[in-house]
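J.: Chains A and B are the protein sequences, given in the same order. Using the UniProt record's numbering, the letters of the first sequence map in sequence onto residues 1 to 196. Using the UniProt record's numbering, the letters of the second sequence map in sequence onto residues 1 to 196.
If you're looking for bench data, these hints aren't it; they were derived computationally from the structure. Do not rely on the hints blindly, as some may be mistaken.
Cβ-to-Cβ under 7 Å is the rule here; a few derived chain B residues that face chain A [said to hold, decoys possible]:
# : residue
1 : Ala-105
2 : Val-146
3 : Val-150
4 : Gln-153
5 : Asn-177
6 : Ser-185
Note that the structure is a prediction, hence the values are computed from the model and not measured. Think of the CB as a built atom: it goes at the ideal place given N, C-alpha and C, for glycine as much as any other residue.
Number of protein chains: 2
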Amino acid sequence: MPRVSSDQLEARRRQILDGARACFARHGYEGATVRRLEQTTGMSRGAIFHYFRDKQALFLAIAEQDARMMAEVVAEQGLVQVMRELLSSPDSRPAGWTGTYLEMARKARTDPTFRESWQAYSAELTGATRARLERQAASGALRADVDLTVLTQYLELVLEGLVSHLAMGLPAGELGNVLDVVEQSVRRAGGSPADV
Amino acid sequence: MPRVSSDQLEARRRQILDGARACFARHGYEGATVRRLEQTTGMSRGAIFHYFRDKQALFLAIAEQDARMMAEVVAEQGLVQVMRELLSSPDSRPAGWTGTYLEMARKARTDPTFRESWQAYSAELTGATRARLERQAASGALRADVDLTVLTQYLELVLEGLVSHLAMGLPAGELGNVLDVVEQSVRRAGGSPADV
Numbered sequence: 001m002p003r004v005s006s007d008q009l010e011a012r013r014r015q016i017l018d019g020a021r022a023c024f025a026r027h028g029y030e031g032a033t034v035r036r037l038e039q040t041t042g043m044s045r046g047a048i049f050h051y052f053r054d055k056q057a058l059f060l061a062i063a064e065q066d067a068r069m070m071a072e073v074v075a076e077q078g079l080v081q082v083m084r085e086l087l088s089s090p091d092s093r094p095a096g097w098t099g100t101y102l103e104m105a106r107k108a109r110t111d112p113t114f115r116e117s118w119q120a121y122s123a124e125l126t127g128a129t130r131a132r133l134e135r136q137a138a139s140g141a142l143r144a145d146v147d148l149t150v151l152t153q154y155l156e157l158v159l160e161g162l163v164s165h166l167a168m169g170l171p172a173g174e175l176g177n178v179l180d181v182v183e184q185s186v187r188r189a190g191g192s193p194a195d196v
Numbered sequence: 001m002p003r004v005s006s007d008q009l010e011a012r013r014r015q016i017l018d019g020a021r022a023c024f025a026r027h028g029y030e031g032a033t034v035r036r037l038e039q040t041t042g043m044s045r046g047a048i049f050h051y052f053r054d055k056q057a058l059f060l061a062i063a064e065q066d067a068r069m070m071a072e073v074v075a076e077q078g079l080v081q082v083m084r085e086l087l088s089s090p091d092s093r094p095a096g097w098t099g100t101y102l103e104m105a106r107k108a109r110t111d112p113t114f115r116e117s118w119q120a121y122s123a124e125l126t127g128a129t130r131a132r133l134e135r136q137a138a139s140g141a142l143r144a145d146v147d148l149t150v151l152t153q154y155l156e157l158v159l160e161g162l163v164s165h166l167a168m169g170l171p172a173g174e175l176g177n178v179l180d181v182v183e184q185s186v187r188r189a190g191g192s193p194a195d196v
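Chain A on its own, in the form it takes in the complex (with noise of 0.2 Å):
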């Protein structure tokens, strides 16, 4: 048997959630079954529990992915800039998140182990936002007035419901509109675009 190098192994694992993350928003946590985790991922079950526990390891794995992935881009570009790319592309990533939010969310509903992992993944995407907000403020592009924790918080919240929206599939309606007022009641009075 040929020796896999680590670009190999990542190269597998990275297949494995790609395909386990369209399983997942298609069929559901429950409907994903073995069989077509198979089938999407394009590996035995064998190879796929190799490289995840069971399939909570591997749900989980997903929504640290999504939550690293999205933390990069807020660190970038901002929270505000994210939720403009959701809105404009909600197939392609980053929104692989809407495909498997719901899935996830009710999952924490139901399951405070999950739970618990996924805020810790969560605290990663929170941790960047307030990292930016704060340099943000620094420059005096923000408003003075509302603690930092609360313009983060108002921030996460707002990512929620559009997260939550372009899942169910609704219309977008005059949400780019909206981000403009988001984004205008974060930033200090006549102050420039903050891009937060």
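Starting from the structure of chain A, add chain B where the hints point.
T.: Just chain B now, with coordinates in the frame of chain A:
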């Protein structure tokens, strides 16, 4: 067989809806079997499906009841006040919403017919929110630089985020202060509280 008054019919219908709501919230849509629905409603399957054609019709009737109730509270007190109440007592009415919300969102995602009906019910809430904003605008309490359609959708987006957040059992954190930011961002600058 004694005749049943229309009050009694209405009471039974309500009993079924209340029991079914708890059942869907606890077991999910697929998990809410006819047997479980019988247990939580205290009615036979014959009685349940005398009032509602099938499980989907029952689920939709709950969505309709939720939307109507929210619309009534919004007309009286405004959407931000509804959100404050959701936050202070997420397990009580009108927060019955949070229990079944993720199930409905998930069904809307995968079932276009369900999504269409749900959107029709949501239109009642949108109408009530908009009507209230129009009254506030007429009295000069709202900002005038953003279209009412945008402000309506803004408030609804925050509601979607809040219901989703609470439905997952995530901590409220600073959400009370977040709602202050939301309320302030639809008000006329320097104006008095608008109770939007």
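J.: Please go over all the hints and tell whether each is borne out by the structure.
T.: Verification of the hints:
The criterion of a C-beta within 7 Å of any C-beta in chain A is met by Ala-105/B, whose closest approach is roughly 5 Å, and the hint holds. Given hint, Val-146/B at the interface with chain A, holds; its Cβ is 6 Å from that chain's nearest Cβ, closer than 7 Å. Satisfaction of the interface hint for Val-150/B is found here, the shortest Cβ-Cβ separation to chain A being roughly 4 Å, below the 7 Å cut-off. The restraint placing Gln-153/B at the interface with chain A holds, with a minimum CB-CB distance near 5 Å, inside the 7 Å limit.
A cut of 7 Å between beta carbons decides the hint on Asn-177/B: the least distance to chain A is about 4 Å, and the hint holds. The restraint placing Ser-185/B at the interface with chain A holds, with a minimum CB-CB distance near 4 Å, inside the 7 Å limit.
The structure is consistent with each of the numbered hints, conforming to all of them.
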